[in-house]
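With chain A fixed as given, assemble chain B onto it according to the hints.
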Amino acid sequence: MATYSTNEFRGGLKLLLDGDPCVIIENEFVKPGKGQAFNRVKLRNLKTGRVLEKTFKSGESVEAADVVERDLQYLYTDGEYWYFMDPENFEQYQADATAMGDATKWIKDQDICNVTLWNGQPIAVEAPNFVVLEITDTDPGLKGDTSGGGGKPATLETGAVVRVPLFVQIGEKIKVDTRSGEYVSRVKD
Amino acid sequence: MTSLPVRALLEARAGFLEEIRRFFRSRGVLEVETPVLSHASGTDPALEPFHTRYKGPGGERRLYLQTSPEFHMKRLLAAGSGDIFQLCHAFRQEERGARHNPEFTLLEWYRLGFDHHRLMAETAELVQHLLGGMLPVEKRLYADLFVERFGWHPLEVDLETLAGAAVELGVAAGGLERRDQWLDLLMALRIEPELGRGCLTFVYGYPASQAALARLCDDDSRLACRFELYLEGLELANGFYELTDAAEQRARFEADNRQRRELGKAPLPLDERLLAALETGLPKCAGVALGVDRLLMLKLGAERLDEVLSFPFDEA
Numbered sequence: 001m002a003t004y005s006t007n008e009f010r011g012g013l014k015l016l017l018d019g020d021p022c023v024i025i026e027n028e029f030v031k032p033g034k035g036q037a038f039n040r041v042k043l044r045n046l047k048t049g050r051v052l053e054k055t056f057k058s059g060e061s062v063e064a065a066d067v068v069e070r071d072l073q074y075l076y077t078d079g080e081y082w083y084f085m086d087p088e089n090f091e092q093y094q095a096d097a098t099a100m101g102d103a104t105k106w107i108k109d110q111d112i113c114n115v116t117l118w119n120g121q122p123i124a125v126e127a128p129n130f131v132v133l134e135i136t137d138t139d140p141g142l143k144g145d146t147s148g149g150g151g152k153p154a155t156l157e158t159g160a161v162v163r164v165p166l167f168v169q170i171g172e173k174i175k176v177d178t179r180s181g182e183y184v185s186r187v188k189d
Numbered sequence: 190m191t192s193l194p195v196r197a198l199l200e201a202r203a204g205f206l207e208e209i210r211r212f213f214r215s216r217g218v219l220e221v222e223t224p225v226l227s228h229a230s231g232t233d234p235a236l237e238p239f240h241t242r243y244k245g246p247g248g249e250r251r252l253y254l255q256t257s258p259e260f261h262m263k264r265l266l267a268a269g270s271g272d273i274f275q276l277c278h279a280f281r282q283e284e285r286g287a288r289h290n291p292e293f294t295l296l297e298w299y300r301l302g303f304d305h306h307r308l309m310a311e312t313a314e315l316v317q318h319l320l321g322g323m324l325p326v327e328k329r330l331y332a333d334l335f336v337e338r339f340g341w342h343p344l345e346v347d348l349e350t351l352a353g354a355a356v357e358l359g360v361a362a363g364g365l366e367r368r369d370q371w372l373d374l375l376m377a378l379r380i381e382p383e384l385g386r387g388c389l390t391f392v393y394g395y396p397a398s399q400a401a402l403a404r405l406c407d408d409d410s411r412l413a414c415r416f417e418l419y420l421e422g423l424e425l426a427n428g429f430y431e432l433t434d435a436a437e438q439r440a441r442f443e444a445d446n447r448q449r450r451e452l453g454k455a456p457l458p459l460d461e462r463l464l465a466a467l468e469t470g471l472p473k474c475a476g477v478a479l480g481v482d483r484l485l486m487l488k489l490g491a492e493r494l495d496e497v498l499s500f501p502f503d504e505a
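Going line by line, the protein sequences match chains A and B.
Residues in the first sequence are numbered consecutively from 1, following this note's numbering.
Residues in the second sequence are numbered consecutively from 190, following this note's numbering.
A hint or two may mislead.
Unchecked claim - With a straight-line Cα cutoff of 20 Å, these simulated SDA-like cross-link-like pairs (lysine to any residue) come out:
#1 K34/A with R379/B
#2 K42/A with P382/B
#3 K57/A with E357/B
Simulated from the structure, these hints should not be mistaken for laboratory data.
Next comes chain A alone, as it looks inside the complex (with noise of 0.2 Å):
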């Protein structure tokens, strides 16, 4: 069992906590005048994404969790679970519905996404920060404007809805953020 002093304690490390593993956002190393010294530390549950704060007696070990983050590709989904392989060694990886997240209104496949692995398992899938999907429902609009304002919402292929420009047609394809959720442009073919 790999463990770390809080004297390795740094952002970024990746600890198994209540047996879930987090990820250190801060650590904080404060002292009494003259008196115990404790490390205090801010932490990211990487299953929930929950931010939790603990604090640590100075020189204690804490067992850490066996997280790597990967770039795979998503292959396909059967309803259960969505599945990713490595591009460099083709190994194959499946991910629940609570790893996937909101992921899972993103990505279509072929898409490479950043994938946390923990004990080999996926715990959190990111869609790529921007994705082009083409749009297979929205009101037809007014023909002609071009103003941009106001807006529809627009069904993408996925089944995700963002709102749109009015110009903006069925059959086209527009380049969405992933982590707003907002349009950013059209696409041409």
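Structure of chain B alone, referenced to chain A:
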């Protein structure tokens, strides 16, 4: 603070040192220098000294870098130095953070015939002088801080309540067994950050178990004549109405080493030269150590100690 141009930082630091020397000269306190390397170190379980090896004439031996100049200065006092001060570097293993550098500048001074209350007053005058303002001064009993914040007395509360309070505050840490460790935890994370907001806050009346090198109070032996100074949540100074009893000092060193073993730390050799000096007689005095870098941080509005050092630890 966006990082200060190097010349401005150096000037601010030099000005500080000059003002400190002027302050003490005007009061007849003599500047001294003592060795940084010594055959022994303090035994305080919460301080870990650096050590190195001497090789050469006289034989090979282990030497310690001082965690403070206290022992040598007390030997000078016992030898008849009179009031003394020192500006020096101190070294502490394992201490690195926004407010800690393993090597730092310490101002330490001793006043004959002073008790801790008189020394608190002088410490306040020095800090006011260096910061160039008249901050209000308040004195708070250690126990009162806990009563006010948590509703219980730190020496009377049972360990379960103490631990429970830490859990409730979401700051519980594993592996804490001693009352003082739980008190340190709550002090460091919940009380200290609020101390000295817009004023100089002296905390005194520490538990006897945290006396370090202070004598116990005549009127209540559960308490030690020790004080700490805080400004803007930052601990600046630690002072004692000094313990002068050699036998009691030896007993504390030995208790420290027992505690070190319990904590899985190596015991340290006792400084027999200090103990011998106490035997010959340390005059009644009070002494205090002040972190010069930290005070400079406050003066310059810095967020991290690194910003006021000419070369922080990672660049030294």
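Consistency of the hints with the structure:
1. Between K34/A and R379/B, the direct Cα distance comes to roughly 16 Å. Compliance with the 20 Å bound is thereby established for this hinted pair.
2. This hinted pair checks out: K42/A and P382/B have alpha carbons roughly 17 Å apart, not beyond 20 Å.
3. Between the alpha carbons of K57/A and E357/B the distance comes to roughly 17 Å, so the proposed pair stays at or under 20 Å and holds.
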